[in-house]
Amino acid sequence: MQQLNLRAEVKNLIFSYGDKKVLNGITLPIYENRVTALIGPSGCGKTTLLRCFNRMHDLYANAQYHGEILLYPDQRNILGKEIDPMEVRMRIGMVFQKPNPFPKSIYDNVAYGLTVRGVKKKSFIEEQVEKSLQQASLWNEVKDRLHSSATALSGGQQQRLCIARALATEPEILLLDEPTSALDPISTRHIEELIQELRKDVTIAIVTHSLHQAARVSDFTAFMYLGDLIEFGASDQIFTNPKDQRTENYITGRFG
Amino acid sequence: MRRLRERAIETVLFLAAASSVLVTIGIVGILVVESIPFFEHVTFKEFLTDTQWTPLFENAHYGILPLLSGTLLSTVIALSVAIPLGTVAAAFLSEYVRPSWREFLKPMLELLAAVPTVVYGYFALLFVTPLLQKIIPSLSGFNVLSAGIVIGVMIVPYVSSLSEDAMRSVPNHLREASFAVGASRMQTAFRVVIPAAFSGITSAYVLGISRALGETMVVAIAAGMQPNLTINPTEPAATITAFIVQVSLGDLPHGSIGYQSIYVAGLSLLVLTLCFNIVGLWLRKKFQEKE
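Chains A and B, in that order, are what the protein sequence lines are.
Quick note: the first sequence, position 152, residue 171 per this note's numbering, numbers continuous.
Quick note: the second sequence, position 168, residue 159 per this note's numbering, numbers continuous.
By construction, these hints were calculated from the structure, which means they are not laboratory data.
Honestly, I wouldn't trust all of these hints.
What the hints assert, rightly or not - Partial selection, computed: residues in chain A whose CB lies under 10 Å from chain B:
no., residue
1, LYS117
2, LEU133
3, PRO190
Source: prediction; values computed, not measured.
Every residue, glycine too, gets a C-beta built ideally from N, C-alpha and C.
Only chain A is shown next, with the shape it has when bound in the complex (with noise of 0.2 Å):
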């Protein structure tokens, strides 16, 4: 394996939604061209956890953040006042549960996040379309009807334009919350193959409820646990030879 270069690091974060604490202290690095699973049964914090990365919690009222995410390299605390949550959404991309393209044209929903960044070149719009639809590998699919509507695809390929969409602003990390769970398994496998590509050129942080998933995806996995994170690992020891009894526990299915 190369070399290790951390990407992202939570730092004793603890999150709540007024007064109900959702993460109680959470510490998890996120390495770079690497893929981290968080797994964890419902309620364990994992998807807001994961909503903290692009400060989507700040769209709702009384959400409250206390720790760190440290950004590499540059070292920022994302999660900071001072930081303006847009510009962190700049630079952390999102693909979400249930396949959400925008009612536009194929073309327009890849382009959007260029067009809010005020980006008028019109060639190297195009330029990252394309680009960014081959890496989702959905180009050959599409690239006769890139202006025909986005809701007309299947739920895999609106799932795919999706990743496209997020990948077009070229992010620093992306992050994919439970991606597969609203497609059939042939899609499914689609994408898990496409995450395993993506690697190379972008950070991924998945949440999934799959364990199978996590474990064929990913490269470390976070396991989470009523708002702790209870073991963080290679993704072969946690499911090999998990540390803690309750992440075994979890992972031979015995709760959660």
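With chain A's structure known, arrange chain B on it following the hints.
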């Protein structure tokens, strides 16, 4: 016994639903029947091409164009106020305001619709017109401009309330998708939410257009009731509705051709409103297909 009750309820429901259809058919029927004597005296060509509408004069002319121009002019002015204002207000309410504030602001805005139109009429005549005269000295005391602007303000709540409903029904995951790639609130509102809600927003516009076309009191009071074929909004003019009011007030003897002309005017207005509704329906369908 139970089946009988079911049948009875069904009948009552049917009658309730049918009543509105029947009333509409009745209105159209009367308008058409009462228009026939008019067209026995005035040819259809004259009605559509004559540039004067003077049923009250000795030398009577019956050209619908001046009334049509007045109606369309006041509607266009009203819409150029109501559509931008109503859409922006809706976007503000739906995308920017905290829910607790929205619960307070929306009813306040809807209160605008509760002001009697006669009040709006005098507001146009005695407040807006003098104000505009300071900017445009040549503005006549009765004019379409101030009537149109005030109608526009009046229909803002219709446009904004329905548009806001449409915008709020846009699923949240589309907003999140937009924010997630780094869009601002404004970009999300104008590039994602409004386009996604456009079929609903179109319905709001169509309702606004119908209200503006049919508005009577404001134009009758502030626009001068002078049929005038013009597209200059600083001049007085009459709309179809204002003319109907004028005649109904008893300026013309019952049964005369001039009197019959109000039915023709009413029919014209109905056709006009229907046209806009059809266009709106078509637009809505088109945008729905896109989604």
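Evaluated hints:
no., hint, in the structure
1, LYS117, "holds, 6 Å"
2, LEU133, "holds, 9 Å"
3, PRO190, "holds, 9 Å"
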